[in-house]
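Asks: Please construct the entire structure, taking both the sequences and the accompanying hints into account.
So you can see what is in the structure, the chains are spelled out below.
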Amino acid sequence: MGSNGDTGGDTERAIVRFRPGVKFRFDETRQAWIVLAPERLLLPDEIAVEVLKRIDGQRTVGQVIDDLAATFKAPRETIATDVRAMLGDLAAKGIVTS
Amino acid sequence: MTASMPGLAPPMGLIAELTHRCPLACAYCSNPMELARASAELDTAAWLRVFEEAAKLGVLHLHLTGGEPMARKDLPQLVKGAASLQLYTNLITSGVLLDDVAMAALLDAGIDHIQLSFQDIAEREADRSAGLDGAHARKLAAARRIREAGLPLTLNFVVHRGNVDRTADMLALGEALGAARIEIAHVQYYGWGLLNRSALLPTVAQLEAATAAVEVARVRFKGRIVVDYVVPDYYATRPKACMGGWAQRFINISPAGKAMPCHAAETLPGFVFPSVREQSLAEIWSDSDAFQRFRGTGWAPEPCRSCDRLEIDWGGCRCQAFALTGDATRTDPACALSPDHALMQEAARQASTAPLKPRRFAGAA
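Listed in order, the protein sequences are those of chains G and B. The first sequence begins at 1 in my numbering and counts up by one. The second sequence begins at 99 in my numbering and counts up by one.
Simulated from the structure, these hints should not be mistaken for laboratory data. Here a beta-carbon is modelled for each residue, glycine too, at the ideal position from N, C-alpha and C. Where hints are given, some of them may not hold.
Some chain G residues flagged as far from chain B (calculated, every beta-carbon gap over 10 angstroms) [to be verified]:
| hint | residue |
| --- | --- |
| 1 | 11 |
| 2 | 13 |
| 3 | 20 |
| 4 | 23 |
With a straight-line cut-off of 30 angstroms between C-alpha atoms, the simulated BS3-like cross-links for lysine-lysine are [claimed, not checked]:
| hint | chain 1 | residue 1 | chain 2 | residue 2 |
| --- | --- | --- | --- | --- |
| 5 | B | 338 | B | 178 |
| 6 | B | 455 | G | 23 |
| 7 | B | 455 | G | 93 |
| 8 | G | 23 | G | 53 |
Going by beta-carbon spacing under 7 angstroms, a handful of chain B positions derived as facing chain G [what the hints assert, rightly or not]:
| hint | residue |
| --- | --- |
| 9 | 175 |
| 10 | 252 |
| 11 | 316 |
| 12 | 319 |
| 13 | 321 |
| 14 | 398 |
Replies: See the structure below:
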């Protein structure tokens, strides 16, 4: 995200995907959503879970933002800022690409 | 029962040391000096039962290691069993046995990730360090197979005085091979590594150059390749949070089925490590003396007890405290606040050019 100088508009047209080897699933023991990757375990908070649930290898970043804004009836710009920051952080950790 | 025990979190990872057999002879191997023979190893059914108990207990990551785990003929069967339990399967291998047939079998079984070890960047040095001609070429081929299969690849380099000057080239090799993750790990001084410590410890200048190379690569690789860096305790001022705290995150199972909080724990005297042949993993995790002994903070001595970092580093490593001071209950000497810290500095000063002793089974030529 932004590391190659993309503008916000270009970035939103990119499809967001989990990188190979990354698994996002519900763990019955902990009753929590988890992200598993090589030598990495993330316990995403509720907001992050909503973003991660929308990463299906088909939606673009913009579509993820649209969906969240509609579902939570929140201003799109606020959601967009949060989602971009979160995806940037997850990309740096090797969890997603877009 | 254990999973619902108040205050005791379930383990995150199971480290399955499937075998001590290995075609390589690295002098920094962290396997114990007393290597288990093939006849002492847990069989397929026993490992599958352990994996099932682990998944029930809440284990998420399964690390299949050794020795060389690919020396086990039943490895695809074990991976398949683990995958059906939703365990994340991570194979830690030298790659010298990873041919096309083996790769196809692992893929079919549902392997999630492979970590490939390299000894060096060039064939001559790498093969000498591994003690096996042709090892490096086979590893390069294995790396390509892993990528062609669409699996994420981690390259692991154990660095020491003899190869640490080539850290930047190691990172470049990882990039060229399409790794998603590269580990640059300074030798941890346990087992054979401790035996060879004085010949393996890098100088301070070497350490600083390697650290700088890692920092440069991290900036260049941002968002593409994750670089994990393990520094040597001998030049640290604070200890590592060994295993994330004793018996707080991991269970290590030896080839013969002993359950331990870490792979080096067998070096500690005064312990009876429970066997998965006799007890369930749940009982071992919650009730065994071995797992409870240093769990949490109640056992901690001064200066740890009054230190605000106690729940960050958990007093460091028990095996290292024992190896250097003869007392596993002392503060890890890696800590500058430890009364024994001078022992580490002394070892670093005494680093010499003694010849390396490659790992061997007892009695082997």
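Asks: Could you run down the list of hints and mark each one as holding or not?
Replies: Evaluated hints:
A cut-off of 10 angstroms between C-beta atoms confirms that residue 11 of chain G is not in contact with chain B; the least separation is 12 angstroms. Look at residue 13 of chain G: its CB is around 18 angstroms from the nearest CB on chain B, clear of 10 angstroms, so calling it non-interface holds up. At the 10 angstroms boundary, the C-beta of residue 20 of chain G falls inside the reach of chain B, the nearest C-beta of that chain being 5 angstroms off. The Cβ of residue 23 of chain G does not lie farther than 10 angstroms from every Cβ of chain B; its closest approach is about 6 angstroms, which violates its non-interface assignment.
With a C-alpha separation of about 34 angstroms, the suggested pairing of residue 338 of chain B with residue 178 of chain B is violated against the 30 angstroms cut-off. For the suggested pair residue 455 of chain B and residue 23 of chain G, the alpha carbons sit about 41 angstroms apart, so the restraint of at most 30 angstroms is broken. For the suggested pair residue 455 of chain B and residue 93 of chain G, the alpha carbons sit about 38 angstroms apart, so the restraint of at most 30 angstroms is broken. At most 30 angstroms may separate the alpha-carbon atoms for a hinted pair to count; residue 23 of chain G and residue 53 of chain G meet this at roughly 12 angstroms.
Because the closest C-beta pair between residue 175 of chain B and chain G is about 21 angstroms apart, greater than 7 angstroms, the hint is violated. This hint holds: residue 252 of chain B has a C-beta 6 angstroms from the nearest C-beta of chain G, less than the 7 angstroms allowed. Checking residue 316 of chain B against chain G by beta carbon gives a least distance of about 10 angstroms; that is not within 7 angstroms, so the hint is violated. Using the Cβ-Cβ criterion of 7 angstroms, the hint placing residue 319 of chain B at the interface with chain G is not satisfied: the shortest such distance is roughly 10 angstroms.
The beta carbon of residue 321 of chain B is positioned within 7 angstroms of a beta carbon in chain G (closest approach about 5 angstroms), and the interface hint is therefore held. Interface hint status for residue 398 of chain B: violated, as the beta-carbon distance to the closest one in chain G is roughly 26 angstroms, over 7 angstroms.
Violated hints, in rising order: 3, 4, 5, 6, 7, 9, 11, 12 and 14; the structure is consistent with all others.
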